[in-house]
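Visitor: Chains as they are written, first to last, in numbering that gives the first Met the number 0: chain A, 0 to 337; chain B, 0 to 337; chain C, 0 to 337; chain D, 0 to 337; chain E, 0 to 337; chain F, 0 to 337.
Just so you know, the hints here were simulated from the structure itself, not pulled from any lab data. A few of these clues could be false.
Claimed, not checked - Capping the alpha-carbon separation at 25 angstroms, the derived lysine-lysine pairs in DSS-like fashion look like this:
1. Lys-321/C x Lys-169/B
2. Lys-75/D x Lys-155/B
3. Lys-321/C x Lys-99/B
4. Lys-124/C x Lys-296/E
5. Lys-75/F x Lys-321/A
6. Lys-321/C x Lys-321/A
7. Lys-221/E x Lys-75/C
8. Lys-75/A x Lys-124/F
9. Lys-296/B x Lys-124/D
10. Lys-292/B x Lys-221/B
11. Lys-99/A x Lys-321/B
12. Lys-75/B x Lys-169/D
13. Lys-169/D x Lys-124/F
6 protein chains.
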Amino acid sequence: MRVVTLGEIMLRLSTPGYQRFVQSQSFDVNYGGGEANVAVSISNYGGEGVFVTKLPENDIGQCAINSLRQYGVDTKNIVRGGERVGIYYLETGDSMRASKVIYDRAHSSISEAKADEFDWDAIFKDADWFHVSGITPALSKSAQELTKVALMEAKKRGVTTSFDLNYRAKLWTKAEAQACLIPLMEYVDYSIGNEEDAESCLGFKSGSDVNSGKLDVTGYEKMLKALCEAFHFKGAIASLRESHSANDNGWSGVFYSNGAFHQSRHYEIRIVDRVGGGDSFAAGLIYGLLAYKDDQKAIEFAAAASALKHTIPGDFNHVGVKEVEALMGGATNGRVQR
Amino acid sequence: MRVVTLGEIMLRLSTPGYQRFVQSQSFDVNYGGGEANVAVSISNYGGEGVFVTKLPENDIGQCAINSLRQYGVDTKNIVRGGERVGIYYLETGDSMRASKVIYDRAHSSISEAKADEFDWDAIFKDADWFHVSGITPALSKSAQELTKVALMEAKKRGVTTSFDLNYRAKLWTKAEAQACLIPLMEYVDYSIGNEEDAESCLGFKSGSDVNSGKLDVTGYEKMLKALCEAFHFKGAIASLRESHSANDNGWSGVFYSNGAFHQSRHYEIRIVDRVGGGDSFAAGLIYGLLAYKDDQKAIEFAAAASALKHTIPGDFNHVGVKEVEALMGGATNGRVQR
Amino acid sequence: MRVVTLGEIMLRLSTPGYQRFVQSQSFDVNYGGGEANVAVSISNYGGEGVFVTKLPENDIGQCAINSLRQYGVDTKNIVRGGERVGIYYLETGDSMRASKVIYDRAHSSISEAKADEFDWDAIFKDADWFHVSGITPALSKSAQELTKVALMEAKKRGVTTSFDLNYRAKLWTKAEAQACLIPLMEYVDYSIGNEEDAESCLGFKSGSDVNSGKLDVTGYEKMLKALCEAFHFKGAIASLRESHSANDNGWSGVFYSNGAFHQSRHYEIRIVDRVGGGDSFAAGLIYGLLAYKDDQKAIEFAAAASALKHTIPGDFNHVGVKEVEALMGGATNGRVQR
Amino acid sequence: MRVVTLGEIMLRLSTPGYQRFVQSQSFDVNYGGGEANVAVSISNYGGEGVFVTKLPENDIGQCAINSLRQYGVDTKNIVRGGERVGIYYLETGDSMRASKVIYDRAHSSISEAKADEFDWDAIFKDADWFHVSGITPALSKSAQELTKVALMEAKKRGVTTSFDLNYRAKLWTKAEAQACLIPLMEYVDYSIGNEEDAESCLGFKSGSDVNSGKLDVTGYEKMLKALCEAFHFKGAIASLRESHSANDNGWSGVFYSNGAFHQSRHYEIRIVDRVGGGDSFAAGLIYGLLAYKDDQKAIEFAAAASALKHTIPGDFNHVGVKEVEALMGGATNGRVQR
Amino acid sequence: MRVVTLGEIMLRLSTPGYQRFVQSQSFDVNYGGGEANVAVSISNYGGEGVFVTKLPENDIGQCAINSLRQYGVDTKNIVRGGERVGIYYLETGDSMRASKVIYDRAHSSISEAKADEFDWDAIFKDADWFHVSGITPALSKSAQELTKVALMEAKKRGVTTSFDLNYRAKLWTKAEAQACLIPLMEYVDYSIGNEEDAESCLGFKSGSDVNSGKLDVTGYEKMLKALCEAFHFKGAIASLRESHSANDNGWSGVFYSNGAFHQSRHYEIRIVDRVGGGDSFAAGLIYGLLAYKDDQKAIEFAAAASALKHTIPGDFNHVGVKEVEALMGGATNGRVQR
Amino acid sequence: MRVVTLGEIMLRLSTPGYQRFVQSQSFDVNYGGGEANVAVSISNYGGEGVFVTKLPENDIGQCAINSLRQYGVDTKNIVRGGERVGIYYLETGDSMRASKVIYDRAHSSISEAKADEFDWDAIFKDADWFHVSGITPALSKSAQELTKVALMEAKKRGVTTSFDLNYRAKLWTKAEAQACLIPLMEYVDYSIGNEEDAESCLGFKSGSDVNSGKLDVTGYEKMLKALCEAFHFKGAIASLRESHSANDNGWSGVFYSNGAFHQSRHYEIRIVDRVGGGDSFAAGLIYGLLAYKDDQKAIEFAAAASALKHTIPGDFNHVGVKEVEALMGGATNGRVQR
């Protein structure tokens, strides 16, 4: 199972122990980013995660690569050069105090990379899947072109593709997003994202209110079905987060595919670190579809895997297939494993 | 908005990560104390917090000053001299294990300071508000005199005053407290404190049981009204804490003022650090009254600000006006702010 | 009150802050083990905890001894020699992710110790109680012999004995356990353990399902009574854990003794560290019986003490008698103790 | 004594304990930059350090301000806005392994600030001295203009000025530096920098070899004198570093002023952190000239103060006047001060 | 070998990693004090160290006891009660920056203890040696009385005594010290201290200059001999420290006893932590005299043991007899011991 | 450049900050072992380091693999299974206090591995070099067989081999070592090790005294030449360590090859971590010979690379070719690299 992902990996600087930024004399160092997180998950499941990006020729760039190699990700297709590694600062919230992210990612190497710097034959050799998110084209004009080329090169070679919509208002307007993304959807097999993302990224409307804290599952079936039809997706998937507080979230997933609607178990999570939760959901779906070839098991795997991610510090989801399958099977009681 | 506070700032030595004292090889260092915490809050809201105290001419005294300057507090009126910085040791509780505080504050510089060491003209120049708590006079005989002089000097200049009753059984008896505090009340505009404090500090009786875990709000209306009448306060305010466990508390505030009773939203909090919770409530009220000139908004600001304090390590409340107002507006779901 | 315990103390290496093993660049160092934990509890209650084991003549062995001496445990009867200190690696779970223990304890000094290396007269001089668990004989053939000799030497001197069944599937099979343990029960006054342990260790069957998350207390009365009758125990005790998640557990204790059934208060615990929870329960029972000579108070003490253990990092239960008695008296609200 | 400085303050991210970048899971957080470091020193000496810069309206910008306020620096003239806080990554060297700095400072707020964003009247009110370094104009075209305007505004108001040449090859070429800096020298009273900097920044040639590890002091007298004459400086100063290794350096200062040459004591330093060493030297000179009005004492103060800086972690020099004067007086034996 | 010591044990709060006080957000926690440090050394050498003091009935007092028990010190004769644990703050120096100690020890429990609170029969049962320093009587008037009683009680029982002069100018004047200490010398067998201490504490004059960094050994022979004669000591010992810098010290010891002068090897030390260096020297002498009954070996043991202390963080000297003897035998090359 | 190494990788548990074992509440976690360290060096130089071992199927085994992958080592030929990961505990020395290592490596997976568990064709495919040390066969009888098979398989395929003698007295006697190793030398091209190792491992005598702290270089030429002749080595290399203290060592290398003797520059090193110093020397030689095909440059590279290792915490040598070459070129002054 060879899964290629393309995007930005950032240096994450987070305050320890619920400190606010103004209190902290040290930052915990992690590396992460939507597509990188997916590649790590795939490798943790025993697959071959391949991450493609551009990173500067300095030690911070090397650290980002090492953080991926450590978990077995294939980093051979990472191009070196450019100005800097993008950064995001993270302060972990508690209770009604939300986690806070400050981005300092402009001018990163990947945001200025060009499509012809990459060797698409090498990248897609023996690939089963290609995954990218809406954050990557949002980085810059050249990144839009890069994303498009990558999707086209993937489809040209018959690689299945998934696209995590992931609208980021700090990076572009809805109009810009839609102008870029709608034409890309023809190269996409599976869309990932909820109604809010679909509306922002694709101009696709629906009636449920994701901020209400309550989720309307039947509304999701209609929405995902319509989305598949509108964009000719093989499937559309969404994670359903109920934000009770910064610590406590409800979590589950829905999946429309091959004319059927699938819903996962529902989990109540006490959160250690929710960054990367959505990425672990995407990775779980990809693994699930490739490993089980069963839509219901795939959505169950995606939901269980990403529920576990919320209990692990850092962007990456350090769980194995056995642990995810145990949770899919109902092992939610957290008894000590000796 | 210039708010002057007077009291003791202590070195706080706390064990990291739920360790008990007997387990710890290091202490986290913070500085805090009732009135100092109020001054920091005011500065964090963009006002001018002024903290008045006495601290020894050594590096630990300097550290206490720096901890205030760092957050913009005006420390120019802090007198240097005396023997030592008071200390409190803190062990953070969990579940049914309570947090534990050991005081080592006797003989501190402020406890031995005299009123004539301070330049009251400079201190109260352009001041809008003066705040002090019942802990300050409890420190020593000279501190009783100092507190009285400060209140009189404030009133002489037409500065609004607030007094946080805050009875501390380790520092004095109820009889001593009442003998000192009742005469001071004539200089006080706003009293802060619940029924238990009112009884201990002012000999004022009422019938609700604060240890029961359940709170009788209508009882509070009667109590606060009677308190205002008895002591001719412009207003009386109390925070209502429901201690479910060391981690989980209910939280809200009540305020009687100008013939009307106001009650804030109610919050359920997962606690990171509850020390300084009451001080952030007092600071919120002061800011709210000065900024909004609206009693209901003031109590809402006080309750929301202090709810947030419980999620932040250390004595100080590191939140801004926008964050408090967002919570007053109902943003309790803790979704990541990117 | 002199309480002797015999067993293995291990070096515990745990990842900080919810990190998984693959993320950690440092391990927190603690020492612990079933019987050692009991000895520390007894010393923390003001009794004389005596721990007997064998540890190598190196600094790691010395560290284990120092960890016990620090809390007042009598370590004079610890024999030095052998190959190594056993180790267990611990990763703290969260939510539906379980805590994980990896044992590396084979070939430890105690597992290869012989009964004649110990001075039983010195060990049991003035002893009131002897406690050992089913983990100790599970370590090796020689440890089985050692356990048997210790129990016989204790009974020969009229020392009351307790045995914590504690079946460990990684160390031996049920058949091996039963072949060893059933004959030992004639030297045991109090058995500690739930139905699952009774079945695994003693071949004793009953009908409740400990994995269901719900507990049938009346079933426990029947089970414990039958267990006492079958093995001629003075009493049988069990802790009842309801694993809602890795963070949240229900907790209480049941005790059948002298023809009567006693049940403790029930606690809902937010867990900091549940390792050693069962040992603190055993220690609480021993202390309770010796101090109060009242079965109901003993089970209440055991349950309250061990509920508090879950809130403290490390294997040892750092609480004093006053704290436990306060909780027995209902002080569950976790208000700050100043 | 009011000393104004203008420049960039950066977030410094350094690896703890001699770790290389590729080993580190956390970064120590400090803030620093040439002119900011000077302002902190002045405040630590009891003067009024004023730092002028532009910082973004986010928490990282606020942290930079707080780091200055904590030590009493006047930050009221810091403009808020722009894109980001510049960063430098630092790895501390040992023995023959050099310390390593990676800059990520492009696009910082100050590098894009315009001269008319600053209120020069407020900035230079009551100012005794203005200090800036060659790093500031090297940041960008607009920073060149800003530096020029600041120098002109200072001179217009009769403020004494100093300029630390500080050539940074990563930021501009020698040709660019000279084109910018030579015309600025007419506004400069005191130049700071060694021969290498004078050559790079001002095209000024001399014959000593700073990389040889040996220093030719008499050559320095000639060089500084010629420099003063060429650019009409009141004085020229240089620190003389002998790099024996990353840990051990010789250190002293030379100063040509009012027709006389002054040389300080020589120190052999075991280095804790040499970043900011040159800035503490500049600050020492400024303080020395303003406080003593004696060129020899000024260079002694500069050398002693900056020798001490090398023993303190972080960019800032946390020493007081008494400590520097004690060292000037020969107290080099490091006996414990009780 | 049972060695009793009496004095104050303090909480030591030290900044990590060469930080100055104004930089530190955490303090490392150790416990130590002259006589406590001696007791720990004796226990580390396999003897029975007994420490006598008074400590408050709170957790900080308990931590101090635990820190001693951990290393095998007999703490049974520590009286509980009084106000507080004394504190000292420590900042570790580097190069020409001296280490800095801030004491906050007034009003500690031991400083207010009375002689009749102690059970001298129990304390001196089977004791071979009693050791106390000049710091103990300097604490207070009652501590003077306590010191005197302890020395008398020791001598009454034929216990050998040693007295470490240790003048502390912050605690008393030379006149006060001499008035107290000179009469006590009749109970002292061995004095420990250099010429400076002898002058300050006993009014005893000699001509060498301890601040010069160079030491005159022959002068020491004369001084120690005269000292013995003047006060009828069995022996007098001094450590000779050459303070090259805060990091590098020369170190050796001299001993006059039984009409002969003995000088130890000389060590050049790179210092990790020099606090407790003198105490480890005293402990080494006591152990050496009791174990070897050979004055030359005793001074060699004292010098080697205390040289090693300088390489260990904290007040206590964690070395064993084998390590000290290896160093006495010339093993200074520091090759890895596998 | 593909370099294969075979041996044990251990979990290294070290105390932070010069703490002794008895003081430490946490251990720093690293992984390392002679041959693993060589593989990491090769990868850090841009070559293909391949490490072969056996590790258990648990998370600690996985951590060891990840530590290698992180730095680009090919871990595909690591066999999973067996009982445990070997451990060594490390305490870092200072001054005359030596670093201390406690091994707990018995029963590790690699010590019980069999030669037929490895796929020698895959391992040696395209290999240029095979390296193993005398520690590997010392682990067990099966490890002796494994080492022999590996060397034979390498030579069968024409791979150049090197053998680091590395006698470990804790693992076997000299007689055992010689019985095993002498016959293996026929498969070895390059021997690494000093005279002491040659004597212990190969029964080879010579007259210099490695413990004297002074080294006789001309004696080394004779010794290495004789060694080459005796065992038909292509070359023999030794590092020359002068242990001045635990912190300060002299360091250089000597190499006899192709009838010529080569000596490297000499370095004086202030040590951060000397564990792995010898391994980095071996790796430097291998890289140097393969990259430069010049014996003098190879020994210079080996000496410079390993000098740098001593400045880096952990077993692995995190330096690049450019850094080593700069040091070979004389850049020893440690000036900051910006």
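Visitor: Each hint needs a verdict: does it hold in this structure or not?
Guide: Hints, one by one, checked against the model:
1. Lys-321/C x Lys-169/B: holds (19 angstroms)
2. Lys-75/D x Lys-155/B: violated (32 angstroms)
3. Lys-321/C x Lys-99/B: holds (14 angstroms)
4. Lys-124/C x Lys-296/E: violated (41 angstroms)
5. Lys-75/F x Lys-321/A: It holds: about 22 angstroms lies between the C-alpha atoms, which stays within 25 angstroms.
6. Lys-321/C x Lys-321/A: violated (45 angstroms)
7. Lys-221/E x Lys-75/C: violated (47 angstroms)
8. Lys-75/A x Lys-124/F: Holds - the C-alpha atoms of Lys-124/F and Lys-75/A are around 20 angstroms apart, at most 25 angstroms.
9. Lys-296/B x Lys-124/D: violated (41 angstroms)
10. Lys-292/B x Lys-221/B: The hint holds at about 23 angstroms.
11. Lys-99/A x Lys-321/B: holds (14 angstroms)
12. Lys-75/B x Lys-169/D: With a Cα-Cα distance of about 42 angstroms, the restraint between Lys-75/B and Lys-169/D is violated, given a limit of 25 angstroms.
13. Lys-169/D x Lys-124/F: Given pair Lys-169/D, Lys-124/F is violated - Cα atoms ~44 angstroms apart, limit 25 angstroms.
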